[in-house]
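*Asks:* Start from the sequences and build out the full structure, keeping to the hints where you can.
Chain order of the listed sequences is A and B. Start counting the first sequence at 1; every next residue gets the next number (our numbering). Start counting the second sequence at 1; every next residue gets the next number (our numbering).
What the hints contain is simulated information worked out from the structure, not anything from laboratory work. Glycine included, C-beta positions come from ideal geometry on N, C-alpha and C. What you were told as hints is all true, and nothing was included just to trick you.
With a cut-off of at most 20 Å between alpha-carbon atoms, the simulated EDC-like pairs for lysine to aspartate or glutamate come out as follows:
| # | chain 1 | residue 1 | chain 2 | residue 2 |
| --- | --- | --- | --- | --- |
| 1 | B | Lys-294 | A | Glu-95 |
| 2 | A | Lys-43 | B | Asp-308 |
| 3 | B | Lys-8 | A | Glu-47 |
| 4 | A | Lys-66 | B | Asp-292 |
| 5 | B | Lys-307 | A | Glu-5 |
| 6 | B | Lys-8 | A | Glu-45 |
| 7 | B | Lys-294 | A | Glu-76 |
| 8 | B | Lys-8 | B | Glu-319 |
Simulated coverage check for chain B against chain A, where a stretch passes if three residues somewhere in it have a Cβ under 8 Å from a Cβ of chain A:
| # | region |
| --- | --- |
| 9 | 4-12 |
| 10 | 286-300 |
| 11 | 304-311 |
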Amino acid sequence: MSGHEKQKFFRNTVSCLRGYFLQSNLTVKDNIALPSFFSGIGKRERETRIESIAKKFDIVDILKIKPTKISDDMRERVCLARTLLMNPKVILATEPSEWTTEVLLRYIEAKNAVLIISSNNPNLRKYAADIITINSKEKNDNF
Amino acid sequence: MIIFNIIKLGHKNFLMHKKSSFCFVAFFSILFSLVVFISALLGFFKDTVSEKFEAATNGKVMVEIYLCQGSYQPSMKGEEKCEDPEIYNKEAREIAEKYHGDLIGAIITYMPKNGGETISVVPESATKFINAKPTYYAPDGKIPVITSIGYNDKISENNDFYIIGNYPGDVRSIYFGSDPNHKGFLDKFIYDSYTYTSHYLVFDATDKLENYLAKNEYSVYRYNPLLIFDNKDDAYKLYKDRAGVWEIFTQTLRANDDDGRMHLASKYMFMACVVIAIITIVVVLSLAYMRDEKIIMLYRSLGASRKDIAMIYFVDTLETIILTAVFAYTIGSIASAIAIAINKDAIDVAMARFFGN
Numbered sequence: 001m002s003g004h005e006k007q008k009f010f011r012n013t014v015s016c017l018r019g020y021f022l023q024s025n026l027t028v029k030d031n032i033a034l035p036s037f038f039s040g041i042g043k044r045e046r047e048t049r050i051e052s053i054a055k056k057f058d059i060v061d062i063l064k065i066k067p068t069k070i071s072d073d074m075r076e077r078v079c080l081a082r083t084l085l086m087n088p089k090v091i092l093a094t095e096p097s098e099w100t101t102e103v104l105l106r107y108i109e110a111k112n113a114v115l116i117i118s119s120n121n122p123n124l125r126k127y128a129a130d131i132i133t134i135n136s137k138e139k140n141d142n143f
Numbered sequence: 001m002i003i004f005n006i007i008k009l010g011h012k013n014f015l016m017h018k019k020s021s022f023c024f025v026a027f028f029s030i031l032f033s034l035v036v037f038i039s040a041l042l043g044f045f046k047d048t049v050s051e052k053f054e055a056a057t058n059g060k061v062m063v064e065i066y067l068c069q070g071s072y073q074p075s076m077k078g079e080e081k082c083e084d085p086e087i088y089n090k091e092a093r094e095i096a097e098k099y100h101g102d103l104i105g106a107i108i109t110y111m112p113k114n115g116g117e118t119i120s121v122v123p124e125s126a127t128k129f130i131n132a133k134p135t136y137y138a139p140d141g142k143i144p145v146i147t148s149i150g151y152n153d154k155i156s157e158n159n160d161f162y163i164i165g166n167y168p169g170d171v172r173s174i175y176f177g178s179d180p181n182h183k184g185f186l187d188k189f190i191y192d193s194y195t196y197t198s199h200y201l202v203f204d205a206t207d208k209l210e211n212y213l214a215k216n217e218y219s220v221y222r223y224n225p226l227l228i229f230d231n232k233d234d235a236y237k238l239y240k241d242r243a244g245v246w247e248i249f250t251q252t253l254r255a256n257d258d259d260g261r262m263h264l265a266s267k268y269m270f271m272a273c274v275v276i277a278i279i280t281i282v283v284v285l286s287l288a289y290m291r292d293e294k295i296i297m298l299y300r301s302l303g304a305s306r307k308d309i310a311m312i313y314f315v316d317t318l319e320t321i322i323l324t325a326v327f328a329y330t331i332g333s334i335a336s337a338i339a340i341a342i343n344k345d346a347i348d349v350a351m352a353r354f355f356g357n
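*Replies:* Next comes the structure, spelled out in structure tokens:
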């Protein structure tokens, strides 16, 4: 992959991290907008996207609040809104909750995207097209 | 568009860490201020050198006069008197007569044809009035040259010259008329760094010097007559009448070693400021990286490139540095003002002794 292709690939790839990692110094709106800051879309388009995704996740009322002042449930929604804002082609999710998994699955089905989940939950196997099992014990034995 | 967003993020980052940023700012401001204060105190010690200068003088004062704007410059089409050294000397003689002094020659400054560093040649008749003994250090058959360090490389290539470069204490001038253009930001910041200036002196009247100047296509750039006075008061009267455009030499500006040390110390103060600035940048960046490792990873996971991350922390660091500079300059100015207030008495005493009231 050339440098440009690599950059393009990473621009289309977003992580949905366990723990949400919302920045406490930014408002909910700025947190959601973070991926768009690095992708170079215009302000007007960004505003439209944020408005639309905020409505979708029912977080319009908290856009101007700092993430420290919202509940865990709301944080999860904000994190998802941030993940899906730029309509990524590839999503990396670590230990997503059941609800997050559901939303992400619906998204990849609609947008024909790829979801890579790292999880300990065996129930997710039924959705997977490909499974890579990492057995830490085995790995340790090999060393 | 990306750049504005990145700058915004960098600024938000700076605000997020404002508490720790302000700690840095305060800490490094105090360090800067200490440097400025020490520099100002060194200014105080320099003024005590002025007293020695007064105590050692035997009454002869040499004055380099500037008769017109920019002095005599053959290449310049200015006033008529500026174009002819003879007219220039005539006016110098008139001034000498009026103020009871003697014309003893002129400092001629040469400039290479294509511009660049100039060489100032002092007439031999004037060198005995300057407390310089370069001949002690020059090997036989060499032309002694006193020059700033900046000249060394250039002139050293010519074997006809012997450089006495690190000899700043030997020839001194004092600027009584201050040139406002001479005072840059750093000159104000490093107190008194411009007051004492070493002069470049080349022994005249040798074929080798003329050959060197001809070979390297030097031409006359400035022509400044020198007057010698037996009486300090006469010299000071001339100074007051034509304030601010000329310099005074004296043969007895002693305590050269002390003065030279102070001059060098002043330069080290500047170096200290540069080193502190570099340390500030390195510390701020390293701590920002350690502190924000998770945030950096988050940005990367959201599509930020390495350049974007670097830009965010560049903005963060730049804001910290600007704030440090503003704080340091403010606190440093106060420190300098205190030190100058301490010095004022010493300066007044030295000037009063030298020129009378």
